[in-house]
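Asker: In case you want the letters, here they are:
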Amino acid sequence: MQTDANDPRSVTAAEPATEGASRPVATVRGLHLRLPGGVHALRGVDLEIEAGEIVGLVGESGSGKTMLGLSLLGLAPAGARFEGEAWLAGTEMTAADSEARRLARREHAGAVFQDPMTSLNPTMKIGTQVGEAAASREAVVEALEQVGFPEPERRLGQYPHELSGGLRQRVMIAMAIARRPALVLLDEPTTALDVTLQRTTLKLLRGLRDELGVAMLFITHDLAVAAEIADRVAVLYAGRVAELGVPSAVFRHPSHPYTAGLLASRLALAGGDRDGELATLGGEPPDPRRLPPGCPFEPRCPFSREVCSLGLPALVPSPRHPGLDACVRAAEIAPELEAGAARALALAPPPVSSAPEPAPGVAALELRHVEKTFRSRRHEQRAVSDVSLTVPEGGALALVGESGCGKTTILRIAVALERAGGGAVELGPGGRPQMVFQDAGSSLTPWMTVRQLLDERVRTEGLGAAERSRRIDETLAWVGLSQEVATMRPSRLSGGQRQRVALARAVIVPPALLACDEPTSALDVSLAAVVINLLRRLRRELGVALLFVTHDLAVARAVAEEIAVMSAGRIVERGETDRVLREPQSEETRRLLEAVPSMERTWR
Amino acid sequence: MRILGMLVVLWVLVTIVFLLGSVVPSEPARAYAGAGASPQVIAQKRKELGLDQPLAVRYVDYLGRLAQGDLSESVHTHKPVADDIAEALPATLELLFAAVMITVLIGLGVGVATARPRRGTGLLRGALVAGASVPVFTLGLLALFLFYYKLGWFPSGGQVSPGAATVSGPTGFLIVDSLLRGQPEVFFDVLWHLVLPATALALTPALLTARTLRSSLRFSLRQDYARTARAKGLRERDVLWRHALRNSLNAPLTICGLELGGMLAGIAVVETIFAWPGIGLYIDRSIAAGDVPAIAGVTLVTGIVFVFANAIVDLLQLAVDPRLRRLA
Ligand code: SF4
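Just so you know, the protein sequences line up as chains A and B, in that order.
Residues 1 to 604 (this note's numbering) make up the first sequence, in order.
Residues 1 to 328 (this note's numbering) make up the second sequence, in order.
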């Protein structure tokens, strides 16, 4: 490519590896995408991906990340209308007919999507599925070997459900690289995986890039993941690039308030304090049908002035790093952002924990020597062995570990969704515990409105209609949902709204114990922070005790003063959260800590 | 487990048939003895038939005879019901098999053709809805009127043309036997006779199956794995046939299994309209004659056919979805 200092798309990675690289494998110019229903999903995106380069695409859900990726592959939803250009290795994907787009995909692209369980065909053998992308059986085996899939020859005849989550994701990756494509789209490829698997997957992807020279467009909502894997990162907001550059520069010296906000709402493994509110971005991304005329971030931006709403800010060289940003006030607010970013990235000394002193002796939940074995006809599987734990009244315990370590089983036993095979489960006074699931959408009855869903729960209290209605309004306000939402059905809500409804339903009749199964892992950083803040308020104001299952140590730290680390069905370490994270005693805890993607470590 | 379940279903069926047979107001002894028989003769007949015994004894007795394949004697043909059924069943099974084939073909063809939005699918879908709601006797009569009376393309009824060479043994299935005995002209004659009744029987289930398959396919084509297949650069046709179809068969198979019940009920109507010499025609006459043993026998046999067919559907579902195999 021609390197032109004034061309905003010509910012290359600082690493010499990609410098002077050949032609770009993908070029997006002034791309607009309008979807049926008046959604303006992309609003003038410029981006270039060099051969062998990994570009990270970050932003909240609804920012257009996925739409940009799908547009490049020519897979935008039916009825999409384009303006501008999206070139994939010589084919302009917005104007080409479907057959030309298909051939371009076949020859030049691969894709890995978030959930390997649903993204693989459940009724087709994995050998056949990879075979559809590879030229020969040998190529299938080779691709599987390249992604570190053990014993590929023997496992070609297996179905996806016979594989673990990590292996399924490897099959997806093998499929994506089997044809040696120029570009692989990776849409949240590690979000459904636990930290250790995430770490191995990221390493694998980098290795594949080095070995095969394949370029990658890596979509993620996790800034630390982007920092770890990407050569360049583009922050997307409301269908536009807000900031673009090398991750170490962009994340250390953000020049767009949105990037700074995302950074600030990240959870850290040290520093901060558990009782106050986490910094959040406040509000949600704008409705893509009713976008403001000026800077799209203006309604949420703490630095907005009149100039901001005059017109769409263009992507121009940043005053703070060699990349680009789209904030008209970038130069003026630079000092403030600098201070904020320093705060967000600082490894402050751990706080003196001032969690509410749990009343001694009273437990909201106590498990003693709990055992659980799952039996199927062919084999037995020990899920939990000899687990004892206590959640004091009003206290919070986080249960962490890799997938399959038994933490969810414990949670299900605690709320009586599962029966313990041995040992004792005792609940404190205050009745049945409530539960919040990871996938809030599927736990909400689809044909009921939010108000009906909540009413169903309050009805058991024997209150009058007026009183019930007042309670519902109160709870909605409490979780930050508008009255408008009350009349909607779950399918019309966003992921964050659904999670809030699930939470509202769990607490409208305050339980003594709230059991949470990864309630934040599918959410954007900013939404995760909102949910965590809600949980904290629940504890503070209503004295609800929490049993919190997660694979994310930072989330565990943000909600619970006590942590129990599980491995292979046993608790291997337990103690005060900050102490355990600071001075891990067990191998498992160290491994988990090691695997957490961290900008600090990436740039050290 | 599955076999045990089938046995339980069959046992329940047998018991219901038995109970129905013993509580129906029509007095079997009177039917056997003939109209105008004296009370003494009827009482004598009751004793002969064991009808004076308590219900429990009669039940055990009934089960015992059933185990030996004895369905007692028909009132109106005066032959063992088992023999009557053995004679009529092959024709019905042929008809049923042909109907199932047509159901599968139309169900699959129309379901797949309408799954993707194309020009004309709206019209086709309208036809589907309309077609699926026409009762089977209307269809039968309409077909007869149009294709026999107006166009003369197909025969009015029966299984073979009068005067065609008759074939007998070894299987009892005319279609199979005619081929085994090297008489293709009979084979084609039977096939020609099959078209109208089988289509009349199959049309409603076929359209229902097509609709179910269509909505399943549309769902599957929106799933993540379909997107993966497209991302691989597969043709839309291959996405549908290779990926979506197999994942969409569960619901249509279930519908097929259920609709088979409807077909079995429709058989009496269709065989009567088309003079098809199967058990539908037999039961029609048995009902007219108040022939309780014959009705009970046919009910039992149809029940068995239904249970077996659904077992086959179950097996097909297992074959289609490897995930179910682990649960089974
Ligand atoms: S342009 Fe204004 S509103 Fe937009 S990010 Fe910059 S300061 Fe905030």
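Simulated from the structure, these hints should not be mistaken for laboratory data.
Cβ atoms here follow ideal geometry from the backbone N, Cα and C, with glycine treated the same way.
Careful: at least some of the hints might be erroneous.
Quick look at which bits of chain B chain A covers, simulated, 3 or more residues with Cβ under 8 Å [said to hold, decoys possible]:
id, segment
1, 174–180
2, 218–227
3, 295–306
4, 309–322
Per the computed footprint, the stretches of chain A lying under chain B, defined by three or more beta-carbons under 8 Å from a beta-carbon of chain B, are [said to hold, decoys possible]:
id, segment
5, 107–117
6, 406–417
In silico negatives: residues of chain A with every beta carbon more than 10 Å from chain B [claimed, not checked]:
id, residue
7, G30
8, S98
9, A104
10, E132
11, E142
12, H161
13, G166
14, A176
15, L185
16, A595
Asker: For each hint, tell me whether it holds in the structure or not.
Answerer: Status of each hint after checking the structure:
Coverage of the segment 174–180 of chain B by chain A is violated [criterion: at least 3 residues with CB-CB distance below 8 Å; count 0]. Remark: the segment 218–227 of chain B is confirmed as covered by chain A, as 4 of its residues place a Cβ nearer than 8 Å to a Cβ of that chain, reaching the required three. Proximity of the segment 295–306 of chain B to chain A, defined as three or more residues with a beta carbon under 8 Å from a beta carbon of that chain, is not established by the 0 residues found. Counting residues of the segment 309–322 of chain B whose CB lies closer than 8 Å to any CB of chain A gives 3, which reaches the minimum of 3, so the coverage claim holds.
Residues of the segment 107–117 of chain A with a Cβ under 8 Å from some Cβ of chain B number 6, which satisfies the need for three, so the listed coverage holds. For the segment 406–417 of chain A, the stated coverage by chain B is not satisfied: 0 residues place a CB nearer than 8 Å to a CB of that chain, which falls below the threshold of 3. For A:G30, the condition that its CB be more than 10 Å from all CB atoms of chain B holds, with the nearest at approximately 25 Å. A beta-carbon of chain B is positioned within 10 Å of the beta-carbon of A:S98; the least distance is around 8 Å.
Not every CB of chain B lies more than 10 Å from the CB of A:A104, the least distance being 8 Å, so the non-interface label is violated. The claim that A:E132 is not at the interface with chain B is violated, since a C-beta of that chain comes within 10 Å of its own (minimum 6 Å). For A:E142, the condition that its CB be more than 10 Å from all CB atoms of chain B holds, with the nearest at approximately 17 Å. For A:H161, the shortest C-beta to C-beta distance to chain B comes to about 5 Å, within the 10 Å cut-off, and the non-interface label is violated.
With 10 Å as the threshold on Cβ separation, the claim that A:G166 sits away from chain B holds: the shortest Cβ distance comes to roughly 18 Å. Non-interface call for A:A176 relative to chain B: violated, since the shortest CB-CB distance, roughly 8 Å, does not exceed 10 Å. Under the 10 Å C-beta cut-off, the non-interface status given to A:L185 relative to chain B is violated; the minimum distance is some 8 Å. Here A:A595 stays apart from chain B, with its beta-carbon at least about 26 Å from theirs, past the 10 Å limit.
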